[in-house]
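> Start from chain A and add chain B according to the hints.
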Amino acid sequence: MWEYTDKVQQHFLHPENVGEIENPSGIGDVGSLACGDALKLTLQIEDERIVDAKFKTFGCASAIASSSALTIMIKGMTVDEAEKVTNEDIADFLGGLPKEKMHCSVMGREALEAAIADYRGVILPMAEGEVVCECFGVTDLEVIRAIKESELRSVEEITNFTKAGGGCGKCEDRLREILQATVSETPVTLVQVEGPKRMTTLQKIKKIEAVLEREIKPALRKDGGDIELVDVDGDFVMVSLRGACTSCAKSQTTLKEYVEKKLRELVLESLIVEEAK
Amino acid sequence: MNCDAEKVVYMDNNATTRVAPEVVDVMMPFLTDCYGNPSSMHNFGGQVGGAIKNARAQIAGLLGAEASEITFTSCGTESDSTAILSALQSFPEKRHIVTTRVEHPAVKHLCENLDRLTGHKHRVTRLQVESDGTLDMARYEEALAVDTAIVSIMWANNETGVIFPVEKMAAMAKERGILFHTDAVQAVGKIPIKLKELDIDFLSLSGHKLHAPKGVGVLYVKRGTPFVPFLSGGHQEDGRRGGTENVASIVGLGKACELAGAMLEEENSRVRALRDRLEEGLLASVPKSMLNGHKTDRLPNTTNISFEFVEGEAILLHMNLYNICASSGSACTSGSLEPSHVLRAMGVPFTAAHGSIRFSLSVYNTEAEVDFVLEKMPPIIAELRQMSPFWKAE
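Sequence order for the protein chains is A and B.
Each residue of the first sequence is one higher than the one before, starting from 215 at the first, in my numbering.
Each residue of the second sequence is one higher than the one before, starting from 12 at the first, in my numbering.
Isolated chain A, as found in the complex (with noise of 0.2 Å):
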């Protein structure tokens, strides 16, 4: 079962402005059948301000709970205003979603695009894109947009944001070849990705700091968990557990899956990561 907050569960059981504008100022359709969400959204604007926002959505409770929440924050924002308005923004009204549903938030974000461009008269610059993943119908641009204003650093993050990859699957390698492309190109405020070249422990010490601090550590204590860095040697990394992970049957299965995962991507790809006894 998800996790989803009391936010996402008020908003999917008590939706806000479910229906549809007759006569819209603009209309954002996006998503199908076959994709299993599909959201559409109208807008009534009067002197560039939307007043009005209303929407039908086929989806799960955070497709839904996410058009909810996309209404009512649109509703009384200016266009230019609304145009701001990022998938981030929508999962954060709702006080977060799971990982493996940020597309619902996305979905919200693509439709209120496309009815503002509905209703300026102009074509959306996403859809002129090379289609990646042709199970969801997802461009090129889509999946570059969302590495870089979500800061996606793996093809799995990239299919829970936009759905490209989830599929058959067959477009995973040109998926990878994107992220490479728009992460090396992207200035880099994070650690900088790099290939299996030497290191010293040093530099490598002070790599897994950060992103130890940075991506790791924040995620732990969402779980009442956290971990400390106890050594580097060689390839090793020593960490210990603390917290809730101690008790935690899983821990181990975190170190792995999770900690040892996201250093060899964000830090060396040769990295071993061991609990310090």
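Don't take each hint at face value.
[Stated by the list, open to error] Listed next, the in silico SDA-like pairs over lysine to any residue satisfying Cα-Cα at most 25 Å (straight line): (1) K431/A x L416/A; (2) K384/A x C122/B; (3) K470/A x T88/B; (4) K313/A x S368/A; (5) K225/B x Q466/A; (6) K299/B x A248/A; (7) K384/A x H131/B; (8) K221/A x L328/B; (9) K470/A x E483/A.
None of these hints come from the bench; they were simulated from the model.
For chain B alone, kept in the frame of chain A given last:
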């Protein structure tokens, strides 16, 4: 932890079942005083061995098999893996497997990963199913080849309840010298089984699907069938499966099989009638709803119904408000992004596959519960449809 089990309308018995109170009773001594190791020389442990022997006989009784043909495992998945990998090791020159597109992941993913697991190249024929979920026997016959090592076909499908004619298919495999395995996790306890009269070489079952606890399974291996263990180690289970026995659960499973045998009649009369009442009621009261799977070649407890233009997770979470438990073949419930492989293999349109709900009943369900679900479902579907961009009110 208190789970408020008495408040729940539990119709998800193909996922797991309530442990029968009679089963809990027979297990308790082995979780308390009778903690001896059945392999020990002293009487304190030895008497525990006697209880395992008794359980083995109870299980053999339900399956119409010999006690010596019963090997205890940890779950249905382990039984499936053991059977298939054993056959491949027994006949290393045979590199072909026949299975179906609608197998449980335990078999499906194993077959997909065989090359990596065994280090050999294998051909896997995955038989297509008809739109009602049944198999074309002519296609099955065609698939059997000279280098087929094993056929692995489920007895009954977990999602639709559709029953395959494994008796006949096993006979056809035997004529050609091919081993036959069936994943009978959903079938055991729901339909009569007499393995003595059949050509089935391996059969997998799982305790928690028939009111025994989770963490215990059985692999039936027909006498004389070549066998290579999956877990090697100690001499337990006649050297067929290493590891100290999960005594309490094994004893519980024995009791559960005895109960299942006694309740087979009720399962096929009262439970079937409840299922039919639920199914007919829903199909009649909810427009644009349809049954997935063959109407009669089916387990008595299972119904899989699609409610078009709405999504399964949303339906389940609304049902959850009324403490009604069921499952869905929708993409969103599985964590994958695509709907059930079973429904897709049957060619169920996307409009319907995403909105499929599986109700699976047990002897613990009552008519009042069925009526409660019949009362709650139509408004849930109507409310979600009113929100759906694809729904056109008629």
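> Next, verify each hint and record whether it holds.
To see whether the hints hold, each was checked on the structure:
1. K431/A x L416/A: Distance of about 20 Å is within 25 Å: holds.
2. K384/A x C122/B: holds, 19 Å
3. K470/A x T88/B: At roughly 23 Å apart (the allowed maximum being 25 Å), T88/B and K470/A satisfy the hint.
4. K313/A x S368/A: holds, 13 Å
5. K225/B x Q466/A: holds, 22 Å
6. K299/B x A248/A: Holds. K299/B to A248/A sits at ~17 Å (cutoff 25 Å).
7. K384/A x H131/B: holds, 24 Å
8. K221/A x L328/B: Distance of about 15 Å is within 25 Å: holds.
9. K470/A x E483/A: Roughly 13 Å between the alpha carbons, so the hint for K470/A and E483/A holds.
Against the hints set out earlier in the document, no violation occurs for any number.
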